[in-house]
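2 protein chains.
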Amino acid sequence: MNSINIEFFGYFAAILTTAAFLPQLIKTLKTKKADDVSLVTLIMFISGVFSWIIYGYEISSLPILLANIITFILNLLILISKIFYSKKY
Amino acid sequence: MNSINIEFFGYFAAILTTAAFLPQLIKTLKTKKADDVSLVTLIMFISGVFSWIIYGYEISSLPILLANIITFILNLLILISKIFYSKKY
Chain A
0 MNSINIEFFG
10 YFAAILTTAA
20 FLPQLIKTLK
30 TKKADDVSLV
40 TLIMFISGVF
50 SWIIYGYEIS
60 SLPILLANII
70 TFILNLLILI
80 SKIFYSKKY
Chain B
0 MNSINIEFFG
10 YFAAILTTAA
20 FLPQLIKTLK
30 TKKADDVSLV
40 TLIMFISGVF
50 SWIIYGYEIS
60 SLPILLANII
70 TFILNLLILI
80 SKIFYSKKY
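Line by line, the protein sequences are chains A and B.
If you read the first sequence in the numbering used here, its first letter stands for residue 0, the second for the next number, and so on.
If you read the second sequence in the numbering used here, its first letter stands for residue 0, the second for the next number, and so on.
These aren't lab readings, by the way, just hints derived from the structure by calculation.
Hints should not be assumed to be uniformly reliable.
The list cannot tell twin chains apart, which means a pair is met if one copy fits it or any two copies do.
Stated by the list, open to error - In silico SDA-like cross-links for lysine to any residue, where the CA-CA straight-line distance does not exceed 20 Å: (1) K32 to S85; (2) K29 to V39; (3) K31 to L75; (4) K29 to L75; (5) K32 to I72.
For reference, chain A alone in the conformation it holds in the complex (with noise of 0.2 Å):
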């Protein structure tokens, strides 16, 4: 494979990882529900992307740092979605 279509494989992956997180927020806003999504799932997960943030930092690597902050984000508010949504009964 070209380097350039190796770039886009890589460019692809980031998009589809990162963007993945859009749906399950929206369908825990929609639903008012994510009981089913696990919640040291979404601990760790945040933590890990957390940690991938300072990496891409310290690399210098926008690509890392742009892709992960978003997942960042996103799954920031699926989790404050679902503790919220899950103290009301």
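Given the coordinates of chain A, assemble chain B onto it according to the supplied hints.
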């Protein structure tokens, strides 16, 4: 930050964002439901992770390959469980 600490953050991030999906899989298998987990999110995320595997293979990055193969397997099992349990009514 020195380069050893930077690498530590990279590996720490990779382990967290990979292992994070294990609690979701365990929760889904225990509760036998994942209705609140977005199907679109799972399909987009799995496709993105698959693209990361191709990218990691093409740039010969073992950490990207390893982390994404495990993430791929875990999320595929979550997707299969979700579909399997949603059909039991």
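Consistency of the hints with the structure:
1. Taking CA atoms no more than 20 Å apart as the test, K32 paired with S85 passes in both settings, with 7 Å inside one copy and 17 Å between copies.
2. For the identical chains of this complex, K29 and V39 are inter-copy neighbours only, at 14 Å across copies versus 22 Å inside a copy, given an alpha-carbon limit of 20 Å.
3. Taking the closest pair of Cα atoms, K31 and L75 come within 20 Å of each other only inside a single copy of the chain (16 Å); across copies the shortest separation is 25 Å, beyond that limit.
4. When the C-alpha separation of K29 and L75 is checked against a cutoff of 20 Å, the pair qualifies only within one copy, where the shortest distance is 17 Å, while the shortest distance between copies is 25 Å.
5. In this assembly of identical chains, K32 and I72 lie within 20 Å of each other by CA distance solely inside one copy; the values are 19 Å within and 26 Å between copies.
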